[in-house]
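These protein sequence lines map, in sequence, to chains B and Z. Taking this note's numbering, I'd label the letters of the first sequence as residues 1 to 232. Taking this note's numbering, I'd label the letters of the second sequence as residues 1001 to 1263.
Think of the hints as simulated: they come from the structure by calculation, not from any bench. Quick reminder that beta carbons are idealized off the backbone N, C-alpha and C, glycines included. Among the hints, erroneous ones may be present.
Derived DSSO-like pairs: lysine-lysine, alpha-carbon spacing no greater than 30 Å straight-line [what the hints assert, rightly or not]:
{"no.": "1", "chain 1": "Z", "residue 1": "K1145", "chain 2": "B", "residue 2": "K118"}
{"no.": "2", "chain 1": "Z", "residue 1": "K1251", "chain 2": "B", "residue 2": "K60"}
{"no.": "3", "chain 1": "B", "residue 1": "K226", "chain 2": "Z", "residue 2": "K1064"}
{"no.": "4", "chain 1": "Z", "residue 1": "K1145", "chain 2": "Z", "residue 2": "K1090"}
{"no.": "5", "chain 1": "B", "residue 1": "K231", "chain 2": "Z", "residue 2": "K1216"}
{"no.": "6", "chain 1": "Z", "residue 1": "K1110", "chain 2": "Z", "residue 2": "K1130"}
{"no.": "7", "chain 1": "B", "residue 1": "K118", "chain 2": "B", "residue 2": "K60"}
Sample of chain Z residues with no beta-carbon within 10 Å of chain B, all distances over it, derived [unchecked claim]:
{"no.": "8", "residue": "P1020"}
{"no.": "9", "residue": "A1022"}
{"no.": "10", "residue": "L1079"}
{"no.": "11", "residue": "Q1107"}
{"no.": "12", "residue": "Y1108"}
{"no.": "13", "residue": "D1111"}
{"no.": "14", "residue": "I1118"}
{"no.": "15", "residue": "S1133"}
{"no.": "16", "residue": "V1141"}
{"no.": "17", "residue": "P1151"}
{"no.": "18", "residue": "R1224"}
{"no.": "19", "residue": "W1254"}
{"no.": "20", "residue": "A1257"}
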Amino acid sequence: MLSVNGNFPEYAVPGAKQVRFEPYADNGGSIVAIAGDDYAVIGADTRLSTGFSIYTREQKKLFKLSEKTVLGATGCWCDTLTLTRLLSARMQMYEHEHNKSMSTPAVAQMLSTMLYYKRFFPYYVSNVLAGLDADGKGCVYSYDPIGHCERSNYRAGGSAGAQLQPLLDNQIGLKNMQNVTEAPLPREKALALLKDVFISAAERDIYTGDCIYILIITASGIQEEKFELRKD
Amino acid sequence: MAFMGDMMNPAPFWQNGPAPGAFYNFPGNSSGFGPTTHPVQEFKAHSATPITTTTTVIGVKFDKGCVVAADTLGSYGTLARFRDCPRITKVNDLILLGNGGDYADYQYLKDIIEQKIIDEQCIGDGLLLKPRSMHCWLTRVLYNKRSKMDPLWSNYVVAGMQDGEPFLGAVDKLGTAYEDAAIATGLGAYMATPLIREALSVGTLDEEGAKALVRKCMEVLFYRDARAFQRYQLGVVTAAGVRIEDLAELKHDWSLAHMIHMK
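For reference, chain Z alone in the conformation it holds in the complex (with noise of 0.2 Å):
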C-alpha cells in the first residue's frame, strides 16, 4: 500500500500548503492559534541577503579580445573590510570569469568550474571549455539557484575566444543573461557603462585603448562609489591566451574636493 503514503502524517496539498486532516496556521499570522504555541519552522530557512560583498566588474570588447577589470575590496555592508578579495579569474586559455556580489558565494562557485576544468584536463583529448558554454552553464546554475529561492547573489561577466572571435556576456544572481560589447554591472552600470558606450560609437578600440578606458572607468568610479576602492585588478583575454596583470593602485587626487560644496 505504498502509493497511499503515510496515513498518519498525510503530506500536504502543496509546498508549506495545508495537508488533509491537519491544523493549518496561515503563514505571517503569529497568534498561535492552532495545536502548539512553538511556531514549527518546517520550511527551509535560506540567505537571502549578501554579507561580504563586492561592487562594479566592467568588461569591454575590443577588436582581437576583451578586457575585464574589479578592485579587490569585500565590504561588510558599508564597512571596508577585506581589503584583499581578488575576483577576476582565469578558467582557461580561452575564458577569463569577472565577478561582483556576494564573495562567498563567487569563492564557493569558483571551486566547482576549477574541479570542472580539471576533470575536463583528466580527460586529455586537448578540447576546452569556449566561453559560450561557460556563459550559458553559469546561466543555468544561477537561474536552479533563483527557481529554489536559494540565489548566488553574484554578477558574472564572461569574456574569452570563441572560434577566434571575442566573446563579451553577463549573468546576475536571477540567470538574466545577455551579450554586448560593453558591461558594467552594480554601480558601474550606472557610471561606467556611459562612458564605454561613448568610447565603442566611435568605432572599436585595440588593446590598448580599452585598457586605458577600463582604467579610466575604475578612476571615475573609485571617486564616486564608496564601495570602491584603489586597487583593482585588470585582466585581458586574446588568441594568445589570459593574462591578469598585477595589481594596479590608482593614483587619486582630492585636491578638487575641497572645491565641492553641499548648499
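Next up, chain B with everything else stripped away, as it sits in the complex (with noise of 0.2 Å):
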C-alpha cells in the first residue's frame, strides 16, 4: 500500500495534527497525615475536579482498608477507583487466608508492590498510607506513583503537599529552629495543626478546599470528623 511517510518522505509534511487520547487525568486533591505515640491522622480534602471545573464537592478520598489502617489516595480518580477497589479486594483475601486482618507495615509493602507491578503504566495516583503499627504505635506511609515508599511521622500529598509540607516540617518536624527540643506531638495539637495547613493550601491551591474528611485511628477505633474549608 502506498502512503505519504513511507513511499513519499519528502512529501510528509506536519499537517493536521491530531490529538492524542490521554489515558490520565488530574483530578486535584491533598492529603495530610500525622502519626503520634498511640494515634494517626489522616486527613483529605473533598474536592473533585478536573481543570477549571469541578466535579463534585463531596468526594471521600479517604479508604478504610481495616480498623488500623486508612488510605489517603489522590491524583487521577479513575486510577484511584481501581487501586483502591484492588487493594480491599486482596485485604479480604488476606483475612481469608489468615483469619486474621492485615498489620499496616503488610499494607504498605504491599500497595508499594502493587504500584510497581504497574511500573510501565502507572497508577496515577499520591498514596499517603496512615494506621497503628503492631506495637500500637501511629505510622505514615507515603509513596510515588510507581511504588517508592517512605515510613515517617508526618506527610503531606496530593496537588498541594509540595506546599504542606514545608510548613509539616517546621511546625512538627522542628526543622530549621534553634532551642527547640522534641516532645510528643499531643491528639488535639496535631489535629489543629491538619485543619491549620489545609486552611492555607485551599487559599492556594485552586484543587484544594470544599471541606476536609479527616479520620483519627487509635486503638479503639476509627473517630469521623469534618471540617468546612472554603468552597471558591
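With the hints as a guide, bring the two chains together.
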C-alpha cells in the first residue's frame, strides 16, 4: 500500500495534528497525615475537579482498609478507584487466608508492590497510608506513583503536597529552628495543625477546598470528623 | 521445548519494543534505517477521536427522584449532521441512563446493556439491576477500555432509585466516577452546573422544580453551546418507575441578538 510517509517521505509535512488520547487526568486533592505515639490522623479535602471545573464538592478520598489502617489517595481519580478496589479485595483475601486482618506495615509493603507492578503504565495516584503498627504506635507511609515507599511521622501529599510539607517540617519536624526541644505531639495539636495547613492550602491551590474529611485512628477504633474549607 | 517459545521469531521484550537478535526501529523515526523501507505496522491502530458527537447531558436530583435531559443533535465535527439522536434510555424500572460523546460508542454499549437486561429478565427471579451497580459496571467497562488505549468516547449519567433513595452518578471516558446532586457534562459543566448548584443551595427541589430548572438549563445551553439543539429528551425516575417524556421543543427568541455587539 502506498503511503506518504513510507513511499514519498519528502512530501510528508507536519499537517493536521491529531489530538492523542490522554489516559490520565489530574483530578486534584490533597492529603495530610500525622502520626503520634498512640494515634494517627489523616485528612483529605473533598473537592474532585478537572481543569477549571469541579466535578463534585463532596468526594471522600480516604479509604478504610482495616480497623487500624486508612489510605488517602489523590491524583487520577479513575486510577484511585481501581487501585483501592483492588486493595480492598486483597485485604479480604488475606483475611480469609490468615484469619486476621493485615497489619499496617504489611499493607504498606503490599501497596508498594501493587504500584510497581504497573511500573510501565502506572497508577497516577499520590498515596499516603496512615495507621497503627503492630506495637500500636502511629505510622505514616508515603508513596510515589510507581511504588517508592517511605515511613515517616508526618506527610503531605497530592496537589498541595509541595506547599504543605515545608509547613509540617517546621511545625512538627521542628526544622530550621534553634533552641527547640522535641516533645511528643498531642492528638489535639495534630488535629489543629492539620486543619490549619488545609486552610492555607485552600487559599493557594485551586484543587484543594470545600471540606476536609478527617479520620482519627486509635486503638479503640476510627473516629470521623468534618471541617469546612472555602468553597470558591 | 514449548517453554522456549519460537526461537526464529523471538517475542519482543515489551510491547512494541526490541526483540532479542532483531532489528529495531525506534518509534516515531521514519527515516527507514532498518531492513525494510516499508514501515510494518504491527501494532493495532485504535480510533482515538470521536466522529459523530453529542453534547451536554444534565442530571439533577430532587427529593423523590432524578431528572435527566439531553438534546438530540448528532454533530459531525462542527456540522449539525443528525437531528434525531436520542440518548436517554430506560434501562429498567430503576435506572435511567443518559449519554454524551461519540454516538457510535453509545449505540455499541447500549446494545450490550440491553442484552444484559434481557439476560437478567430471562432468569426470572424478579431482581432488578440497581443504579449503583450499573454505575460501577460502567466505570469498569470504560476504565478497561481506556487502559487498552482504545477508549469509548463517552460521558454517562446514571440516574435511578437505589433502595428507595434517589441516586445520581456520572462516569467519563477514563472511568472517572462520582456521585452528586448536580451533574452536567461537556459545555454544560461550565454553564449548567452553576445554575443547578445555585438552585440546590437554597434547598432540595421537588419534581416540578427540578424539571423547570433542567428546562431552563437546556435553554441557556441552546443559546450558547454551538453544538446544542432545540429538540431534547427529558426523563424522570422516581419510585413509580422511569418515564421518558416526548421530545420537547425549545421556543427560542433571538430578538435580543441584534443588541449584542462585538467590539
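Hints, one by one, checked against the model:
| no. | hint | in the structure |
| --- | --- | --- |
| 1 | Z:K1145 - B:K118 | holds, 16 Å |
| 2 | Z:K1251 - B:K60 | violated, 41 Å |
| 3 | B:K226 - Z:K1064 | holds, 27 Å |
| 4 | Z:K1145 - Z:K1090 | holds, 24 Å |
| 5 | B:K231 - Z:K1216 | holds, 25 Å |
| 6 | Z:K1110 - Z:K1130 | holds, 16 Å |
| 7 | B:K118 - B:K60 | holds, 25 Å |
| 8 | P1020 | holds, 18 Å |
| 9 | A1022 | holds, 20 Å |
| 10 | L1079 | holds, 17 Å |
| 11 | Q1107 | holds, 20 Å |
| 12 | Y1108 | holds, 17 Å |
| 13 | D1111 | holds, 23 Å |
| 14 | I1118 | holds, 28 Å |
| 15 | S1133 | holds, 14 Å |
| 16 | V1141 | holds, 12 Å |
| 17 | P1151 | violated, 6 Å |
| 18 | R1224 | holds, 16 Å |
| 19 | W1254 | holds, 28 Å |
| 20 | A1257 | holds, 27 Å |
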